[in-house]
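Novice: Chains F and S are the protein sequences, given in the same order.
This note's numbering runs 1202 ahead of the 1-based position in the first sequence.
This note's numbering runs 52 ahead of the 1-based position in the second sequence.
FYI, nobody ran anything at the bench for these hints, they're computed from the structure.
Some hints could be false.
The list that follows gives simulated cross-link-like pairs (lysine to aspartate or glutamate, EDC-like), each with its CA atoms no further than 16 Å apart [unchecked claim]:
id : chain 1 : residue 1 : chain 2 : residue 2
1  : F       : 1519      : S       : 71
2  : S       : 126       : F       : 1469
3  : S       : 127       : F       : 1460
4  : S       : 136       : F       : 1506
5  : S       : 126       : F       : 1470
6  : F       : 1324      : F       : 1336
7  : S       : 136       : F       : 1509
8  : F       : 1342      : F       : 1531
9  : S       : 127       : F       : 1469
10 : S       : 115       : F       : 1486
11 : S       : 136       : S       : 175
12 : S       : 193       : S       : 78
13 : S       : 126       : F       : 1460
14 : S       : 126       : S       : 180
15 : S       : 127       : F       : 1470
16 : S       : 127       : F       : 1466
17 : F       : 1519      : F       : 1532
Derived coverage of chain F by chain S (criterion: at least 3 residues anywhere in the stretch with Cβ under 8 Å from a Cβ of chain S; other residues may be distant) [stated by the list, open to error]:
id : stretch
18 : 1235-1246
19 : 1462-1469
20 : 1499-1513
21 : 1521-1530
Glycine included, C-beta positions come from ideal geometry on N, C-alpha and C.
Each chain is listed here by its residues.
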Amino acid sequence: MKHCCFHNLFLAIALALPLLAAAATPDGAALYRQHCAVCHGSDGSGGVGVPLSLPDFLAVASDGYLARTIRKGRPGRVMPAFPGLSDAEIRAIVAHVRGFADVAAPSYGQAPLKGDAARGAKLFARHCAACHGDRGQGGKGTGVTFSRPRGAPVMAPSLANPGFQAAVSDAMLKATLLRGRHGTPMPSIRELGLDPARADDLVAFVRTLRVPPPPPLADDEPHIIRYDSPYDVEQTLEALKQAVIGRNFRVIRVQPLDQGLVPEGQEDGRRIILYFCSFSFLNEALAIDPRVGLFLPCRVTVVETADGVQVMSINPKHLSHLFNNTELDEACERMYRLYNEIMEEATF
Amino acid sequence: MRRWLLIALLLSLPARAADLFMVRSELSFPEAMAVLQESIRARGYQVSRVQRVDIGLTKSGYKTDKYRVVFFGKKDEIEHIADKHIDLIPYVPIKIAIFAEQDNTILLSSSFSHLRPYYRDDDELLAEFDRWEKDLQAILKAVQDAD
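Isolated chain F (complex conformation) (with noise of 0.2 Å):
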């Protein structure tokens, strides 16, 4: 009976292992949707992010390039760290992500290779600084965005990015330079000529390459703007007006803030936003980022308290900070100051 019991119990264990272990395996698929497929696309063909399914890329890309990119992102270039991913998690998307093209994951040896950094330095300005900047900074803008028209199918990576530079190998950037990429602007070093035995001199000099990360927010920078205004709300919200105007943007709406919320003649006096926009700064900073729309439209508050009056705005410079785009946060150092130059002018 004892024995019975025991042969019964490990049955039930060996039977159940299985479903445990699956269970216990990230879906890399199902990750890959969850934080990948928004901007690489589902099937890995791009978007905002660069595409991941070209054979050229996947024939060079080894898994820990693959996974220390997504552990550690490209601070400043909009693809974000995932530190709360676990390993066997990083493992499962760069697994799915090896579905997309039927290419051998290649492996390489993490030896530096020894260039000669200066004859690098000479043939990278001829060849490879018109599409990756003359410091390596990269090209502007996101990766691919379809939704408006860009000149380039990807934007040339940043070879200077710290995240790039702790995530390729010398051999992956050599194996990048005699293979090129189809699909993209990036020729193989034999298409332009070169010998390639040049491609180790390439790679010294792009190992000097570096830019630092994009600088952390000001201690003490507040998250919304603000200012007293000496007038009441009707007076506020004209100075505002006519402020906005002065600088070459568009009044789009004026409304109390609870509009759409209460029912109509019912909305509160005390708190109106003054929406307005410059359709040309608007363009300008979609091509930066597509994502912007979350900064959308340009807003100040004009607000009523027991105090007096005050004008408010998101501090566009502490929003920014959430994208992870140094491109992004120069705009938004821009918008900074014309929010307080409005809203000076406006409360003077």
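Chain F is already provided as a structure; the job is to place chain S on it using the hints.
Specialist: For chain S alone, kept in the frame of chain F given last:
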């Protein structure tokens, strides 16, 4: 002092994937927009306005695909925020940006992680942030999962 040190520490952290909520829907833009508004209403919110960003751009001579911003909220919540947390008025109503990406649609919204350090002693507000984030994620997931 400790509060400001914590804010400084949190602000200095690099951007993480969790700071923005983004999903890709395989629905066309009009279908995704319809599901989005339905999903917002299903969670008790009211759509207060849809800003047609693409229309303004096109009228000004710029080329763009469909791009909208959907604002939504609950009357009582907006009143509560406006009365008790005046600094948060610029953040309401909540918004979701939605734009076409070829045959797909991309939707995004922001988490409230960047605001949490400023209100770390306000449990009631932090719970409100939790609930908004949960609702935002559920709304976006509903659009992502719809086919």
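Novice: Could you run down the list of hints and mark each one as holding or not?
Specialist: Hints, verified against the model:
1. Pair hint residue 1519 of chain F plus residue 71 of chain S holds up; C-alpha atoms about 15 Å apart against a cutoff of 16 Å.
2. Taking the CA atoms of residue 126 of chain S and residue 1469 of chain F, the gap is near 14 Å; set against the 16 Å cutoff, the hint holds.
3. Among the hinted pairs, residue 127 of chain S with residue 1460 of chain F is consistent with the structure: their alpha-carbon atoms are about 7 Å apart, no more than 16 Å.
4. Between residue 136 of chain S and residue 1506 of chain F the CA atoms are separated by roughly 13 Å; this keeps the pair inside 16 Å, and the hint holds.
5. A distance of roughly 14 Å separates the Cα atoms of residue 126 of chain S and residue 1470 of chain F; the hinted pair therefore holds under the 16 Å criterion.
6. Taking the CA atoms of residue 1324 of chain F and residue 1336 of chain F, the gap is near 11 Å; set against the 16 Å cutoff, the hint holds.
7. A distance of roughly 14 Å separates the Cα atoms of residue 136 of chain S and residue 1509 of chain F; the hinted pair therefore holds under the 16 Å criterion.
8. This hinted pair checks out: residue 1342 of chain F and residue 1531 of chain F have alpha carbons roughly 13 Å apart, not beyond 16 Å.
9. Taken as a hint, the residue 127 of chain S and residue 1469 of chain F pair is honoured in the structure, with Cα atoms around 10 Å apart against an allowance of 16 Å.
10. For the hint linking residue 115 of chain S to residue 1486 of chain F, the alpha-carbon distance of about 12 Å falls within 16 Å, and the restraint holds.
11. Taking the CA atoms of residue 136 of chain S and residue 175 of chain S, the gap is about 13 Å. The hint holds against a cut of 16 Å.
12. Using a Cα cut-off of 16 Å, the hinted pair residue 193 of chain S and residue 78 of chain S holds, with the two alpha carbons roughly 12 Å apart.
13. This hinted pair checks out: residue 126 of chain S and residue 1460 of chain F have alpha carbons roughly 9 Å apart, not beyond 16 Å.
14. At roughly 12 Å between alpha-carbon atoms, residue 126 of chain S and residue 180 of chain S fall within 16 Å of each other, so this suggested pair holds.
15. Simply put, residue 127 of chain S and residue 1470 of chain F have alpha-carbon atoms about 11 Å apart, close enough for the 16 Å limit, and the pair holds.
16. With a C-alpha separation of about 13 Å, the suggested pair residue 127 of chain S and residue 1466 of chain F falls inside the 16 Å cut-off, and the hint holds.
17. A distance of roughly 9 Å separates the Cα atoms of residue 1519 of chain F and residue 1532 of chain F; the hinted pair therefore holds under the 16 Å criterion.
18. Three residues within the 8 Å Cβ limit are the bar, and the stretch 1235-1246 of chain F against chain S gives 7, so the coverage statement holds.
19. Note: the stretch 1462-1469 of chain F has 3 residues with beta-carbon separation from chain S under 8 Å; the three-residue rule is met and the coverage holds.
20. Closer than 8 Å: that is the beta-carbon criterion, and the stretch 1499-1513 of chain F has 6 residues meeting it against chain S, so the requirement of 3 holds.
21. By the rule of at least three residues with a Cβ nearer than 8 Å to a Cβ of chain S, the coverage given for the stretch 1521-1530 of chain F holds, with 5 such residues.
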